[in-house]
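Asker: Now for the letters of each chain:
2 protein chains.
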Amino acid sequence: MDPIKIIEVKESVFADNNADADKLRAEMKAQKTFLLNLMSSPGSGKTTLLKQVLGRLKDEMRIGVMEADIDSDVDAAAILETGVRAIQLHTGGMCHLDADMTRQGVRELGTEDLDLAILENVGNLVCPAEFDTGSVKNAVILSVPEGHDKPLKYPLMFEVADVLMINKVDVLPYFDFDMDKVVEYAHMRHPGLPIFPICAKTGEGVDAFCDWLRAEVKAWNE
Amino acid sequence: MDPIKIIEVKESVFADNNADADKLRAEMKAQKTFLLNLMSSPGSGKTTLLKQVLGRLKDEMRIGVMEADIDSDVDAAAILETGVRAIQLHTGGMCHLDADMTRQGVRELGTEDLDLAILENVGNLVCPAEFDTGSVKNAVILSVPEGHDKPLKYPLMFEVADVLMINKVDVLPYFDFDMDKVVEYAHMRHPGLPIFPICAKTGEGVDAFCDWLRAEVKAWNE
Chain A
1 MDPIKIIEVK ESVFADNNAD ADKLRAEMKA QKTFLLNLMS SPGSGKTTLL KQVLGRLKDE
61 MRIGVMEADI DSDVDAAAIL ETGVRAIQLH TGGMCHLDAD MTRQGVRELG TEDLDLAILE
121 NVGNLVCPAE FDTGSVKNAV ILSVPEGHDK PLKYPLMFEV ADVLMINKVD VLPYFDFDMD
181 KVVEYAHMRH PGLPIFPICA KTGEGVDAFC DWLRAEVKAW NE
Chain B
1001 MDPIKIIEVK ESVFADNNAD ADKLRAEMKA QKTFLLNLMS SPGSGKTTLL KQVLGRLKDE
1061 MRIGVMEADI DSDVDAAAIL ETGVRAIQLH TGGMCHLDAD MTRQGVRELG TEDLDLAILE
1121 NVGNLVCPAE FDTGSVKNAV ILSVPEGHDK PLKYPLMFEV ADVLMINKVD VLPYFDFDMD
1181 KVVEYAHMRH PGLPIFPICA KTGEGVDAFC DWLRAEVKAW NE
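Protein chains in written order, with this note's numbering: chain A, 1 to 222; chain B, 1001 to 1222.
Check before you lean on any hint, since a few could be wrong.
Okay, the calculated beta carbon distance ranges per label pair [unchecked claim]:
1) A:M179 x B:D1022: 39 to 49 Å
2) A:E8 x B:A1026: 22 to 32 Å
3) A:A15 x B:V1013: 14 to 24 Å
4) A:E130 x B:K1005: 47 to 57 Å
5) B:K1023 x A:R62: 54 to 64 Å
6) B:E1222 x A:D180: 18 to 28 Å
7) A:V74 x B:D1170: 45 to 55 Å
8) A:E81 x B:R1062: 26 to 36 Å
9) B:R1062 x A:R107: 52 to 62 Å
10) B:D1176 x A:N18: 47 to 57 Å
11) A:D180 x B:K1218: 21 to 31 Å
12) A:D176 x B:G1083: 21 to 31 Å
13) A:D170 x B:G1203: 20 to 30 Å
With a Cα cut of at most 25 Å, we get these calculated SDA-like pairs of lysine to any residue [claimed, not checked]:
14) A:K181 x B:K1181
15) A:K201 x B:D1176
16) A:K5 x B:D1162
17) A:K181 x B:V1013
18) B:K1181 x A:E81
19) B:K1181 x A:D73
20) A:K10 x B:F1175
21) B:K1010 x A:E81
22) A:K181 x B:V1171
23) A:K201 x B:K1051
24) A:K181 x B:L1156
25) B:K1181 x A:P3
26) A:K51 x B:K1181
27) A:K218 x A:K10
28) B:K1201 x A:S12
29) B:K1051 x A:D149
30) B:K1058 x B:D1162
31) B:K1201 x A:E159
32) A:K23 x A:D149
33) A:K201 x B:H1190
34) B:K1010 x A:K10
35) B:K1181 x A:E159
36) A:K201 x B:K1058
37) B:K1010 x A:K51
38) A:K29 x A:V74
39) A:K51 x B:D1178
40) A:K201 x A:R25
It should be emphasised that the hints constitute simulated quantities derived from the structure, not laboratory data. Just so you know, even glycine gets a beta-carbon here, dropped at the ideal spot from N, CA and C.
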């Protein structure tokens, strides 16, 4: 395996992140690349989900992945094993990515020939929700062990989500997690939010999310 | 039950948080109150652990709890059920507490008559590690479902930790979690860090943490 490409992304100099995010979205639209921003708490299963998604979609569309972390390259290494192009972004301690930091990643990854670029954001249920990365859609994972009350405590993350996955449903019997309540609370924050119960480890439910993603990519790239 | 006291803490005006944190520590030292700052990802079990700790210690020392969250008052409500004084701090979207925000909480809680004041920080493995709250010690929880690689990805949190609890050991059989590796990685960040495997739900291992805390409070308040 080639050495993992690690990019130290620099703090943005742009005062207006929303305008910069719109600009990045327009650039990606022009080159027909769909950018997905994947967010969750630490350890909710972002990388494990991505491996399942790549296994299902990599032969029907061209995909690249940017793995963001404070430190380490374990996630990029895991994605490269799937044969998909991937780079590791280091945020230098920062808790989120904004549009310009995402653009730095996009340039290093090289996205002109991609149908789908995926940004795995820093594991954090607070800050990443505050910064538009320039993505077309925001996907959020909440895992069963974290508890069904999280949409009450971290409102913005669930407001900005375009799709929500409830991961680790295989361990539902061992946790006091109420699926009806999490749906109720998530819809309190974002009425009509699509919610997919999944198990990223076994692949259960991942097909349904891939159907959602496939339709979104197709609509964007047409 | 009385209505839950909710404090909207305001962003700090102090440029030098470290100096302000030292000042708060000195104030707490003068009044013989030990301040513990409890940090973790969302859903790692901070409130559940606190309920176990309060059950064990509330009859031998005077304790008060500040529950910080972006929104909701579910945690303060849970603590009040134990009969211990508690207030809810709302951070107005902010991802952490600094020393001045902690001081606002301390004043509203009223700590002059307390041996131990506990701050449950915002669920976040990144930002809270960057701000000295004025606490005497930082306690960190990592739960089994989050994975043993977290000290690699979130280095600062494990560097600033004075004690680490590995929570939810009851579900170890259902997760690929390597206890030896998490100890190795955590000690890479902070050599000699005390580590207690616990199950906050059942109380397993909590006595050992309480012994650690009791000794720390005693040493500080003497």
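Asker: Which of the numbered hints are not met once you compare them with the structure shown?
Answerer: 2, 4, 6, 7, 8, 10, 11, 14, 16, 17, 20, 21, 23, 24, 27, 28, 31, 32, 33, 34, 35, 36, 37, 38 and 40
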